[in-house]
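**Q** The chain contents come next:
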Amino acid sequence: MAGYVTHLPSSADAAERPAHLNESSAVRRLLIGIALLFVGLVLVLPLLTVIVEALERGFKVYLASITEKDARSAIRLTLLVAAISVPLNTIFGICAAWAIAKFNFRGKNLLITLIDLPFSVSPVIAGLIFVLLFGAQGWLGPWLQAHDIKIVFALPGIVLATLFVTFPFVARELIPVMQAQGNEEEEAAATMGAGGWRIFWKITVPNVKWGILYGVILCNARAMGEFGAVSVVSGHIRGQTNTMPLHVEILYNEYQFTAAFAVASLLALLALITLAVKSFMEWKQRSAAAAAEQGGVHLAHPGTEH
Amino acid sequence: MRIQARNIKKRFGHFQALDGVSFDSGDNRLIGLLGPSGGGKTTLLRILAGLETPDEGDILFDGRRVNDVPPQKREIGFVFQSYALFRHMSVFDNIAFGLTVQKRSKAEIRERVEYLLDLTGLKGLEKRLPHQLSGGQKQRVAFARALAPEPKLLLLDEPFAAIDAKVRKELRKWLKAMINEVGITTIFVTHDQEEAVEVADEIIIVSQGHIEQQGTPIDIYLRPRTPFVASFMGETHFIADISGLKGFAQLGRGFKAAIRPEFVEIGKKGELPVQVAETGVVRQVVFRGKDWHVEVQVGENLIAGYRPVDADPLKPGEEVLVLIRKLHVIDENRCATVDNLGLVAMNAV
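In order, the protein sequence lines correspond to chains A and G.
Going by my numbering, 39 is the number at position 39 of the first sequence; the sequence numbering is gapless.
Going by my numbering, 1117 is the number at position 117 of the second sequence; the sequence numbering is gapless.
Bear in mind the hints are in silico, worked out from the structure with no lab data behind them.
Where hints are given, some of them may not hold.
[Stated by the list, open to error] Pairs of lysine-lysine, BS3-like flavour, derived with a Cα cap of 25 angstroms:
id : chain 1 : residue 1 : chain 2 : residue 2
1  : A       : Lys-102   : G       : Lys-1009
2  : A       : Lys-209   : A       : Lys-108
3  : A       : Lys-284   : G       : Lys-1127
4  : A       : Lys-102   : G       : Lys-1073
5  : A       : Lys-202   : G       : Lys-1103
6  : A       : Lys-202   : G       : Lys-1127
7  : A       : Lys-209   : G       : Lys-1127
Here the structure is a predicted model, which is why all the values come from computation and not from measurement.
Please construct the entire structure, taking both the sequences and the accompanying hints into account.
**A** Shown next as structure tokens:
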């Protein structure tokens, strides 16, 4: 849920506060020290451990562990699951945000609450729901077996569990943006003759594109990293239903530490790339906003004013 | 284009926004919907645009019922109060939007946009984004964008509300001239009576979901037909009973009336004919920039009037003559304008 809190104002404000409004230097150092220590212990140290452990027996072993047959299969499956669930949830997220921001209908508040449900339900329970629904002993189990459809312990189950867990990201990101923008631009386009499809692609989407991208990035990171829900429905069949996080666990339980950390390092790398892309986008958005302000300053010149 | 509304009703939840509104634009070109905020003007405008559907009643464009015609097909231009410019598009692309929808050729679009940029004085700004424009410039872009697809009806929602007072006056003149040049039927919403009087050929006064009066600005000003219109247009003072006033006594007992200061003369003894003027005591004198605004106690009533700057100044407590030349008699929900009959008789002699 990092997406909610990362829109920080550009810093520098704190440093420019006059001395008499600032806390004493001892307090400042203590606070900064605690924060850094905490981040170091909880975030940086584990990340470093992953990389060090992964490369402990040299780069060759590292490379071998991530190109080994089962590892390759796990990577493929993870990418496939993300490739299915991220677009689906993006479409759903845009639809839901559109409906919530632009229309009034019965059950709107219920929908908003339900969208948040996956955040509040433990992922393990999310996985269990699908086992209870589609498993051999589940409600729909006998019917599915009769028609030879496999959901649990197969790709569809993993995709469903991932969909459930990553359900809110895009919608949550878009709803406030769309609500803030209101309806008028769309209405203006309609009075100029534009149909619904054109309004959506030419007016709505360009206005929320940063929100969509942001939601997609977070959704993708979670889809690739999800463990709990997927673990329950996957069945851990090597080379078939193991995603990367599950593969890491299996390797670790089999005392193949280097291999486990090697695959884990790939996931960590993904996390770092996600963070980098996210920061880059925030920076781009900010510089766009700054450019806008620059443009605004131009107006102060009397010559350009009408 | 002739616009007609027949018994339009619209309710939002428990709020009756429009309660049986009917009007006929006739062949008038520039119509102002005037009234206090929350009176239903904007709702009426949005119904004309097709952005809201009336619960009851019909909208006719040139005699054709358009209730079921979507906004896309009504051939209208709509200027929003907040302008609603497409924030990610340049000025050029904003104006060109409606033309691209009509699938006109690139050359044709360029030509029409250039023409509109010229017409609205936006030359040189075509590459700017909306947030790089001043309020007045945004207003012009919104106007040009609405005109680009050559609509038959232009609808403007509080077009000057977001612009500061000085620029607003210029834009009013500009808008009127522009609409005359383009020659398009226009309906605009405003809560500012000065703006309506200055810009509109015809004013429709809307309050609490119904139409109070329709007419030319001067007609509405001189002959308000309801107490609401009398009090909304210009400055008015109400008096409880006119039967004691000279020149109006023959109307009978018990009528209330609204009096405008511009129809009241206030003078020292000898300046006004005493047969038709009341006697009173000055309560308050305020300099209003171009004349004195004087409040006089006449019996139980407080009557206000103007006195020229170059006339002898009056002081509070001074005894003066008050000549009411005209007032608006109120009978429940109706209102009629009556001249001072004593004065009329005197002038006839």
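**Q** Which numbered conditions among the earlier hints are violated in the structure presented, ordered from lowest to highest?
**A** none
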